[in-house]
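Protein sequences, first through last, are from chains A and B.
Start counting the first sequence at 0; every next residue gets the next number (numbering that gives the first Met the number 0).
Start counting the second sequence at 0; every next residue gets the next number (numbering that gives the first Met the number 0).
Careful, some of the hints might be misleading.
[To be verified] SDA-like mimics (lysine to any residue), calculated; alpha carbons at most 20 angstroms apart, straight line:
(1) Lys113/B <-> His324/A
(2) Lys322/A <-> Arg120/B
(3) Lys6/A <-> Arg140/B
(4) Lys322/A <-> Asp175/B
(5) Lys162/A <-> Pro231/A
(6) Lys113/B <-> Leu127/A
(7) Lys121/B <-> Ala323/A
(8) Lys76/B <-> Ala323/A
(9) Lys161/B <-> Arg120/B
(10) Lys121/B <-> Lys322/A
(11) Lys119/B <-> Lys162/A
(12) Lys134/A <-> Lys6/A
(13) Lys113/B <-> Asp125/A
Quick caveat, the hints were computed from the structure, so don't treat them as lab data.
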Amino acid sequence: MFEFLWKGVLRDRSRSLFPILIIAGGVFLTVLFSCWMNGVIAQMIFDNARFETGHVKIVSRAYRKNIDQRPYDLTFLENDKLLQIIRKQYPEMIWQQRIYFGGLVDVPDSIGATKMQGEFSAIALDLLQDEIENKLLNLNQALIAGKLPETEQEILMSSELAKNLGLSIGEEITLISSTMFSAMTIQNFKMSGVIKFGTQALDKTAILLDITAARDFLNMENTASEILGFLPKYRYHEEKLQKISAEFNRKFSQKEDEFSPIMIPLQEQANMRFILEQSKTNISLILFIFIFVMSLVLWNAGLRNGIRRYGEIGVRLALGETKAHIYLSMIWEAIIIGFFASLIGTALGLAISYYLQIHGVNISGLMKNVSMVMGSTMRAQVTAKSYMIGFVPGLFASVLGAVFSGIGIYRRQTAQLFKELEE
Amino acid sequence: MNLISIKNMQKDYPMGLNKFTALKNITTNFSTGEFTGIVGPSGSGKTTLLNIIGSLDEQTKGEVEVLGYQIKRLNNKQASRLRSKHIGFIFQTYNLLPVYTVFENVEFPLLLLKELTSTKRKKMVEDALEWLGLTEKRDSRPSQLSGGQAQRVAIARAIVKKPQLVLADEPTANLDAENSHHILRSMLKLNKELKTTFIFATHDEKVIRYLRRKITLFDGEIAHDEKKEGKIK
Numbered sequence: 000m001f002e003f004l005w006k007g008v009l010r011d012r013s014r015s016l017f018p019i020l021i022i023a024g025g026v027f028l029t030v031l032f033s034c035w036m037n038g039v040i041a042q043m044i045f046d047n048a049r050f051e052t053g054h055v056k057i058v059s060r061a062y063r064k065n066i067d068q069r070p071y072d073l074t075f076l077e078n079d080k081l082l083q084i085i086r087k088q089y090p091e092m093i094w095q096q097r098i099y100f101g102g103l104v105d106v107p108d109s110i111g112a113t114k115m116q117g118e119f120s121a122i123a124l125d126l127l128q129d130e131i132e133n134k135l136l137n138l139n140q141a142l143i144a145g146k147l148p149e150t151e152q153e154i155l156m157s158s159e160l161a162k163n164l165g166l167s168i169g170e171e172i173t174l175i176s177s178t179m180f181s182a183m184t185i186q187n188f189k190m191s192g193v194i195k196f197g198t199q200a201l202d203k204t205a206i207l208l209d210i211t212a213a214r215d216f217l218n219m220e221n222t223a224s225e226i227l228g229f230l231p232k233y234r235y236h237e238e239k240l241q242k243i244s245a246e247f248n249r250k251f252s253q254k255e256d257e258f259s260p261i262m263i264p265l266q267e268q269a270n271m272r273f274i275l276e277q278s279k280t281n282i283s284l285i286l287f288i289f290i291f292v293m294s295l296v297l298w299n300a301g302l303r304n305g306i307r308r309y310g311e312i313g314v315r316l317a318l319g320e321t322k323a324h325i326y327l328s329m330i331w332e333a334i335i336i337g338f339f340a341s342l343i344g345t346a347l348g349l350a351i352s353y354y355l356q357i358h359g360v361n362i363s364g365l366m367k368n369v370s371m372v373m374g375s376t377m378r379a380q381v382t383a384k385s386y387m388i389g390f391v392p393g394l395f396a397s398v399l400g401a402v403f404s405g406i407g408i409y410r411r412q413t414a415q416l417f418k419e420l421e422e
Numbered sequence: 000m001n002l003i004s005i006k007n008m009q010k011d012y013p014m015g016l017n018k019f020t021a022l023k024n025i026t027t028n029f030s031t032g033e034f035t036g037i038v039g040p041s042g043s044g045k046t047t048l049l050n051i052i053g054s055l056d057e058q059t060k061g062e063v064e065v066l067g068y069q070i071k072r073l074n075n076k077q078a079s080r081l082r083s084k085h086i087g088f089i090f091q092t093y094n095l096l097p098v099y100t101v102f103e104n105v106e107f108p109l110l111l112l113k114e115l116t117s118t119k120r121k122k123m124v125e126d127a128l129e130w131l132g133l134t135e136k137r138d139s140r141p142s143q144l145s146g147g148q149a150q151r152v153a154i155a156r157a158i159v160k161k162p163q164l165v166l167a168d169e170p171t172a173n174l175d176a177e178n179s180h181h182i183l184r185s186m187l188k189l190n191k192e193l194k195t196t197f198i199f200a201t202h203d204e205k206v207i208r209y210l211r212r213k214i215t216l217f218d219g220e221i222a223h224d225e226k227k228e229g230k231i232k
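Extracted from the complex, chain A is given alone in its bound form (with noise of 0.2 angstroms):
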């Protein structure tokens, strides 16, 4: 009988290629959007770590206070005895010392004259000591011209940057800023290289140079303005972030010493709590639309076809088949063909997933003129959900619409629908 049954499926396309293509088109697009948006809110979190934020940022209390402005002056000093305790509480993370500052790059002329000027922003960092921030920021990829930084005195200039002041690599300039102590300071550096990071609020006006270049600079000896730490493989994870922030600040944090560390994990930075949970929300509701439209979609199709097979139906039973053995096949039709066919969606949702997770898409003609840290490749995300999102919804919309459609079954006498055959 099964086989009897199962030749019917696989001969008649409206029972079994059709609800398999609909099924596996709408079970590879839930697929497929749910990846992207989940890859949407990795890489804005993922650019926000690695540019700014961290997953976790340790400064002073004071500095916490004002951190919009980036007040280097409020650093706490010293920090070097702050890492090593940090490094051995936290060996799993990765910690790094920056210091965020502002000023005006100079360029001179032949004779030493000023010929142009522009507002840079400097991220300093280590570019000499190791390849952490180097593969952090993907500097080697970002390098559009020359080559990264072999000397304390050497930097690396933002694409626009750069344009705008007309340099070439090679040559020197002039960064004007102040000091921790708030005097002013003054040092020639050259341009070693040119860097496009594809994220529009750094490449308009970013610097980069070592921190040990930037500590003689501003008269910052042994510390850093912010000391940004990441979870292990830089995949971030919110609830151990507030774990390790929580005992962190309960050990070393004193509310009653501004100049004491404070840990501030990602969500609580930079209005991020408040952007992720919105992202957050909106993928939701967008995903709970989309799976709730595609199973009606799904349902409706199921329902469709069990009605299209009351003839069939009434045949069946005028020939001695019972109610409950027709309706329970149907079913078993539905689950194989819901299972099947939310394989392949998922499958092929899955395999243009890993696809966009790998290769990205550039969207760097829609980034012009937006001033948020953020990629102009967005990739998709395959996580451990990704491999159910579509899969549930597809099988049961299939198996609810033959479930309802099939008590159409038991509701008739059995003589109306044997009429409806007739018909």
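Fit chain B to the supplied structure of chain A, relying on the hints for placement.
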């Protein structure tokens, strides 16, 4: 011996707050080997009577006993069992399952009789196809058959399990004269050789000429019950 016994049977259908009586005061018997027609104009209750005899429906009042089973007392499962084992149906519009071959359509009722082996099933289907002259069409799909051939497949499907009773509702309504006669001759042959009882619901003169017994329904009641003697033309 009575195959079917009907006593004071009435069938009502609810119509809003009222009811519509489709059949009333029906009392009759059918014996083994009959070739009988229930005739009458449209709406006279022919199909309703056939449906009740076939356990597809049940009466409102009275008694209907088919092959020793009280129709009213049968639950869905028991009624299905009665149909699958003992009753064959032939429909006006053939109602073959379009995605299956002729062989598979004829085999289907046997699949419901779980006790048969596949070898036995195959033999029974081949015999049925041979009786109806359909052996060469065994692998064809219903869409590749003419109306007459499709109805012969429907007859093969109805008789393949060798039922005691075949109920045929307007079996020739969609066929031309030549095909109708061919079909009816096939049914007569089966009736004679297998002692299968045939009950038709029809108002087709071509069928009526073949009947040995004619029960005429009018407004839901039996108006005449005639038996023909002698050889059927």
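I'd like to know which numbered hints this structure contradicts. Please list them from smallest to largest.
2, 4, 5, 6, 7, 10, 11, 12, 13
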